[in-house]
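Protein chains: 2
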Amino acid sequence: MKIALAQLNYHIGNFESNENKVREAIEKAKALGADLVVFAELAVSGYPPRDFLEFDDFIKRCMQSVEKAAKSCRGIAAIIGGPLVNPEVKGKDLFNTAFFLEEGKIKAQVNKTLLPNYDIFDEYRYFEPNNEYKIIEFKEKKIALTICEDLWNIGDDLLYRGNPMDDLLPFKPDLMINIAASPFHYEQAIDRKAVLKANVEKYKLPLFYVNHVGAQTELLFDGGSLAFNKKGEIVGELAYFDEDLQIFNVDEMHQLPEINQQQLPGKIELIHDALVMGIKNYFGKLNLKKAILGLSGGIDSAVTLVLAERALGKENVRAILMPSKFSSDHSIKDAEDLAKNLHIQYDIIPIEPGTAQVNEMLKTHFENLPFGIAEENIQARMRGLILMALSNKFGYILLNTSNKSEAAVGYGTLYGDMNGGLSVLGDVYKTEVFELARFINKDAEVIPENTIIKPPSAELRPDQKDSDSLPDYAILDKVLYEYIENRQGPKELIEMGFDGAVVNHTLHLVNTNEYKRYQTPPILRVSRKAFGMGRRMPIVAKYLARD
Amino acid sequence: MKIALAQLNYHIGNFESNENKVREAIEKAKALGADLVVFAELAVSGYPPRDFLEFDDFIKRCMQSVEKAAKSCRGIAAIIGGPLVNPEVKGKDLFNTAFFLEEGKIKAQVNKTLLPNYDIFDEYRYFEPNNEYKIIEFKEKKIALTICEDLWNIGDDLLYRGNPMDDLLPFKPDLMINIAASPFHYEQAIDRKAVLKANVEKYKLPLFYVNHVGAQTELLFDGGSLAFNKKGEIVGELAYFDEDLQIFNVDEMHQLPEINQQQLPGKIELIHDALVMGIKNYFGKLNLKKAILGLSGGIDSAVTLVLAERALGKENVRAILMPSKFSSDHSIKDAEDLAKNLHIQYDIIPIEPGTAQVNEMLKTHFENLPFGIAEENIQARMRGLILMALSNKFGYILLNTSNKSEAAVGYGTLYGDMNGGLSVLGDVYKTEVFELARFINKDAEVIPENTIIKPPSAELRPDQKDSDSLPDYAILDKVLYEYIENRQGPKELIEMGFDGAVVNHTLHLVNTNEYKRYQTPPILRVSRKAFGMGRRMPIVAKYLARD
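Chains as they are written, first to last, in my numbering: chain A, 1 to 547; chain B, 1001 to 1547.
What the hints contain is simulated information worked out from the structure, not anything from laboratory work. Every value quoted in this text rests on a predicted model; they were computed, and no experiment measured them. Each hint should be verified, as a subset may be incorrect.
[As the list claims (entries may be wrong)] In silico BS3-like links for lysine-lysine, alpha-carbon gap of 30 Å or less: (1) A:Lys491 - B:Lys1363; (2) B:Lys1202 - B:Lys1230; (3) A:Lys60 - B:Lys1363; (4) B:Lys1280 - B:Lys1021; (5) A:Lys290 - B:Lys1363; (6) A:Lys325 - B:Lys1393.
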């Protein structure tokens, strides 16, 4: 029996596009001689469909897509994920289901048992867990079919009481198939291989695993679908960050040698590739082409510009330089040098006439109070206003250039530099932004060296430096990582050796600035814990804040 | 046995404040002769604590609060809600627990069985469901203790397979106690009474029910805690929108007559009271006093201003009138009349100098293209910039004045009139805003009649009317209500009699403007389905959108 794994880039709710991709993959797999082609979890809707799942009309459209896929299955079978209405009165209205399609019909359905409900996952919001187990029989093989999380309750930290493979083992399956929607973060590919290998070693069965690829707004899927022989060796590995279809002979799995796995790039290159895909798919799925951003001469906008240029092409990116009277000469030169290196259209629009006018309009209302945060923010908001005006005039999408360190401590101006349709670097700490810049420059100087070596500054008042109000990023980022990714509390952080005052100040800043993050653009997720849908915090709270 | 119900306004993560409130209520209940005082679900943390529950330090602080409450229990017992660490390796790390406190100690714990995970609820994200049942014995009474949702799996649409009261009935309980965190919407008090009554009628036991009161950012709790005799009659009802403590003699419950329930005000008055509480608690819990808003002469900012004045006092609210060359004379007069009626400080800051300057700065870049959406939005963003500048200068919180109809169809300018720390009317449809205005004016003309009767306009171009680009609000709001609150699809809406073109246009607008709502301020929730944490939609999707 030959199995094709179809790793595709779906688009949430775009039934026409998803149906076409599925049909073409069925035809391609059949042409390659496959008996069975396997698609990902919730492939017909795209993942995650979120509250669209609460609309009957949406569920009907999904079911029509499953039926269309079934009709394409002549001389080949398929497994595809989609939502299924729960026929019982009790429990949630839907199951998260793998449909087995054969001879033009839906021949069997297997429902997901373990429903992830943490971080970015909300599956218990929609789905009833499966509580009956069955095997799929096809071409004299017994297939233990599971869905994503069903294989993840293994190891030391068990989130669930049960384990569906334990319930399927008595049926004496010949192989395992797992259809998944496993979002990328920079450690995920390694975690995933380890978890799947642990399953193979525990159940001693070959395993075929199919993932999504592509971006759904903030969530990135890296693909990397896998085939394991029953010894736990990887015998097939699909592309990363790209669509792919590969075919395997089940009967030869035992004699297939372990392959040389694709050399997974290091963390920074992975982040780079994921962000480029994230920008590309954001625009592509919105059917938009052109991006705009504010180029300050600093490192965040420089890295964002390079990533945008790589995702969209130099002809589709426009940079706006908006110097103020506090901008240093090198800022404008560094920004211009970068735009020229990339052959990107750029304009210089000094903000002074606008900010001077606004300050004049507010002069009497400001009651002769000294220059302060209000005047600083007027500059950032004037820049935001100019960028949005150009965006509205020409249909550009504004790319946000804030990094994760700034987002964490609220070092940014709401309705100013925090504007944008998409945040490219909002899950990348400042120290990682520097590493990205070095990676981008590895073969030639794309980003001017001066942009990388000068001390970071918002340039909103004379001689301002980030380090005037924040701990050094080398320290700050470590504290933030332990607090945000690892959820360490103040006591644990101090025990790790961080300075108590730095810890308290940092945690205070993170927690009091939740209101700013609530209004930020969606952030491309590259870490285990990104701001956005996967981190849900109260705003008007008083924990490690406002003391 | 005498039971006191303590209905308090907690503050998430503010352990000191919550502990003080609990201790004072224990003392008060004891002074009144109570044997047992009952607090709400997750009282020690405030509800919902959201991802703070993932921090060990936060859980320890919660447990310390429970222990402090226990120490206050001398000569009186208490029931209080808090998170409890799950001692088992399998399953989620926590339970949502009711602690029974007696003689200075935690004497028993009952965990929540049914964990709501829909709309604004995320309890399965944190908690393992209970699977062992026990009764609380106290003063020769057997208490069937449950937590909120545990009593809600009753009626026709059953979300869960089990029902904890069915498992407690074999213990032959004498009474039921339910501790809750049941957020307000304008139909909730009636729903709540019906559900609780159905339980009493099914299990034939008296019931004591304790709810939260007060606002936690967007979530509002209306209180209205209840006592039922075993016939299903309400014999006690605590205050709405206010803290309260009342005491009941369990042994006399059967002879207590049904009370005259508080006359629940109509929908619009309920919304009014809830919004006033929402504003008041938002500022109070942030330890802030002063609000600012843009007053246009239109109805949304007029109603927002009145609500803010009622919540914060006239001395704490400031209105800014920002006419442009497109503002009609009556707009300025109507706005001034309202500010004068309310004795509110107001300033007039014409935006023309600022917008003219920005247009001049962009002139060559705009390439002589005709006046359009870009120039309209420059006006809205100039106003947003001015309001935020004053907010930054003087520490005001900017109140957002957008209504739910606008938020639904994207009729608003991001980083302009969509700015604010809190959206007051974002869950109130335009037609309901008119009803609120009429309600406010019921005894005297507070809001100028002209503000109510003139056709709504954004006044961003000559003679603009909302009806130029949107269906009449009378129709639009009905379509939106059926789509958003009732989740009807296009087919169902057309079958209801709505015009097909209006339906398709409206749904298209709602779904393509998700990116705008993603960046809006938190919205005070007054309906069954508000934008924000209770409605989670993909952004880059293509369902009923972009056709």
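message: Hints numbered earlier in the text: which of these fail when held up against the supplied structure?
response: 1 and 3
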